[in-house]
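Colleague: Residue numbers (the numbering used here), protein chains in the order written: chain A, 1 to 300; chain B, 1 to 296; chain C, 1 to 288.
I should point out that these hints are in silico values taken from the structure, not numbers from a laboratory. Among these hints, one or two may not hold up.
[Claimed, not checked] Estimated spans, in silico, between C-beta atoms of each pair: (1) C:Leu119 <-> B:Glu15: 25 to 31 Å; (2) A:Pro78 <-> B:Ile125: 26 to 32 Å; (3) A:Ser227 <-> C:Asp149: 40 to 46 Å.
[What the hints assert, rightly or not] Here are some chain C residues pointing at chain A (derived, C-beta under 7 Å): (4) Arg80; (5) Gln92; (6) Asn94.
All values reported here derive from a predicted model rather than from experimental measurement. Every residue gets a Cβ at the ideal spot worked out from N, C-alpha and C, and that includes glycine.
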Amino acid sequence: MVTNPNAGPDVSVARGVVARFEKQYAVYRRKKQVTMALFGGVFALCVIAALITTKFSLWTLVEGIPRASEFLARMLPPIRLGTFGQDFSAWYWGAGEWFNSLLNTLLMAYLATILGTLIGGAISFFAARNLAHNYLVYWIARRVLEIARTVPDIVWALLFVFAFGIGPVAGVLAITTHTLGAQGKLFAEVNENISPLPLDGIRASGGNWFHEMRFGVLPQVLPNYLSYTFWRFELNVRSATIVGFVGAGGIGHDLFTAVQLLYFADVGAILLIIVATIMAIDMLSEKIRHSAIGKASFSH
Amino acid sequence: MTSQLIEITEADIAEERARNPGAFAAPLRERMKAWMAWVAATALTLFCLHRFGFLSGDFLHGVAKFGDTVISQMFPPTGYESLGMFLKAIGETVAMALLGTLLGAVVALPLSFLAAKNMTRSRPIQFGTRRGADLLRSFDYLIWALIFVRAVGLGPLAGIMAIAIVEIGTFIKLYSEAIENLDRKQIDGVTSLGGNGMHRIWFGVLPQVLPMMLSNTLYMFEHNVRSASILGIVGAGGIGFLLGDRLRAYELREACLIIILVVLTVYAIDYLSKFLREQLIGDHKRREPIDDAVQV
Amino acid sequence: MALKIEKLSKAFGDLVAVNDVSFDVPAGQMIGIIGRSGAGKSTLLRMINRLADPTSGRILVEGVFDAPVDVAKLKGKRLRQWRAQCAMVFQQFNLVPRLTVMTNVLMARISYHPTLRSLLLLFTPKDRAFTIRALQRLDMVSHALHRADELSGGQQQRVAIARALVQEPKILLADEPIASLDLRNATIVMDALRRINREDGITVICNLHLLQTAKDYCDRIIGMRKGEIVFDGKPSDLSDAMAREIYGVGEHGAGEPADDDVELAFTATQTSTSAAAEPGHEKVAKVG
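My request is simple: use the sequences and hints to build the entire structure.
Modeller: What follows is the structure, given as structure tokens:
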């Protein structure tokens, strides 16, 4: 082997560095492998425990397939091209009532979005760390929003049905409660991200707290508020389709009854109405969101 | 030079108004538009309030009743002797969420490649998969649960299936968006080394999107624990079954205990999931798009 | 209107930002406060406007309210009235980004109307005409209907000064008004402040980073160091040795490089003077 005598020490130093690196890298890899194996093991155990807890059996699932497909087949009654009008109107025999329920569903979602956003928006000013002056008020506001949001809307619906009876009022209140919790939290986060400089400017001109909120905060947060509100409306339409399961109004009530009574064709018809509505609302809302918020001017 | 407001005369005002009309009032069209939007929204709100009976005395009666016979009947919570049963049901709820999410993720993973524009050349297949995913997502968990209870019977299996079906839709959307946003160069690198389609996915795509997918999946698991807690109301297993049962039997104090347990579980799972996301992928901050994609 | 600051102090925890400061402000003066960043200049101004509350001391004001008043003790409505009389211009302009220039300036009138009226933006035509006149003085009328965040920094600062004018203040505080601006805009803004002081007789107190700017524009200079006043007199009386003390030069060991801060304060001196001779300067001087 030919070696340059001058290069000797350099090479050995370099070798030392490489060796040290290799060693460290090996340790690092080993550590990572152990962590991954540990996570994997725990995860596998969790899955096994879950399978046992739920008595999950593929067999039941496979058995269910023919039943489900029969279910599906009966949901779509035969519609022949020749007698399309008759067949279709026979399928949608309950159209009048269903579309009335659908209208109620949409109006419930609208009203709950408006009410929940107004209340949640008002609370959000107290639940933002940078705007609330009193810690107790801040703490209470946060807890109220948390409870309203964490308890599922269907549970609120069950509770409201006790007090307000069967019907859309309970549904509106349930969705409103959930909405105010969710909107309040999101709005509070938006509020916490605003620039404090305009507020100083308004205070320095002799403005009071209301002026600071109206002119300093609102113009900064309104675009986000609006986009969250449209998005919340989309979610609330979905919620409004299910609160009827427990008697809180809307098309969910018709769907629940049809399923209970095994009127498969009705189930199919109602599901089709729901899916068409939701897709239409999603598309419409997205369009409005993009056009309205882009050019919105809040100056005058 | 006018330096005091008091010196401004009517003539000055008229002069300035003529020169800068926009500074005195927005154009009539714009004002009308804004005004009509406000009127329409308010009118629709009032119409809803009237239609649903919020404006009648019955509503106030209901408010009083809610305070007297619902809230006051919930406290203090009781039913500690059934705590073991409740906790078991909560375990079942978490298990349903875990299996449902896992099943959804496993089915959605291959389909998400079909739904990604940069992976599937056939537009109809790509578009069809996306729309199919939207279709699955547009029904609430509870609707699927109601249907699956009829198909596979009462119990957690119906709940697992309901969650899995909705998640297939959600994960196809989330995963395919992640795939569409990936860095083309790394895939080209694998191709240039002579890799085939499978290699490209395995070495080029997965390493890039896996952290994002894991994070999304954990986040949806967290979300699904909330969903799973109510599926029992229509008979699809979990704590919701007991909750619905107690509520329908007007056992509000026990129902209250269950609600508290559910809320605590949700918090615990939130923390666990956040911890895992930080540990596994160093995902410290929550991703906004995910928050947008699901109901919080 | 006369202002008398007596033994004013402000502490943030253990840190004393302003320490036992006293000085008189006669009506109509233009005062420059100089010093390194962290010398307490900003805190001092914010205390006078009461955006910050003094820890101790008095701020006596004559000729604003019917009787002499200690501003340091004002609360509620009277405090807001004081703030309206004591306009403030900030380094970052502090305009509301999404609102138009017009609305931003009209905001100066909020304290003159009942809250509900001003919240609904129901300002009088007189307010609006006055606002336009103020914008005219700063050559900003053509931007009246633009959003504030569409403007350049210099333009935003001019809008902020117009807002201050529409408040019809007795005194105008400017907290580093040109620190975020380029030289041309800095000159425009300083000229505008000077003109307001001369033409309207409004007292101006201006925090400045640059020594030369203060010398060029102010009747009187107050030098602050570590929260205390170390110089108070005419610009001509400010010796180089004094300036060095204000900026803390010579405190470091001989081998140590000078503080960035000081470097900036002195080197900018030449550029600032040369900017004053630029043609842009004269053009702006004609405005209003």
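Colleague: All hints are to be evaluated individually against the structure, with a verdict given for each.
Modeller: Tested hints:
Checked against the given bound of 25 to 31 Å, the beta carbons of Leu119 (chain C) and Glu15 (chain B), roughly 29 Å apart, stay inside it. Between Pro78 (chain A) and Ile125 (chain B) the C-beta distance comes to about 29 Å, which sits within the given range of 26 to 32 Å. Against the hinted window of 40 to 46 Å, the Cβ-Cβ separation of Ser227 (chain A) and Asp149 (chain C) comes to about 19 Å, which falls outside the hint. The closest approach between the C-beta of Arg80 (chain C) and any C-beta of chain A is roughly 4 Å, which is under the 7 Å cut-off, so the hint is satisfied.
A hinted interface residue such as Gln92 (chain C) counts as satisfied when its beta carbon comes closer than 7 Å to some beta carbon of chain A; here the least separation is about 5 Å, so the hint holds. Here the hint on Asn94 (chain C) is kept, as its CB sits about 3 Å from the closest CB of chain A, short of 7 Å.
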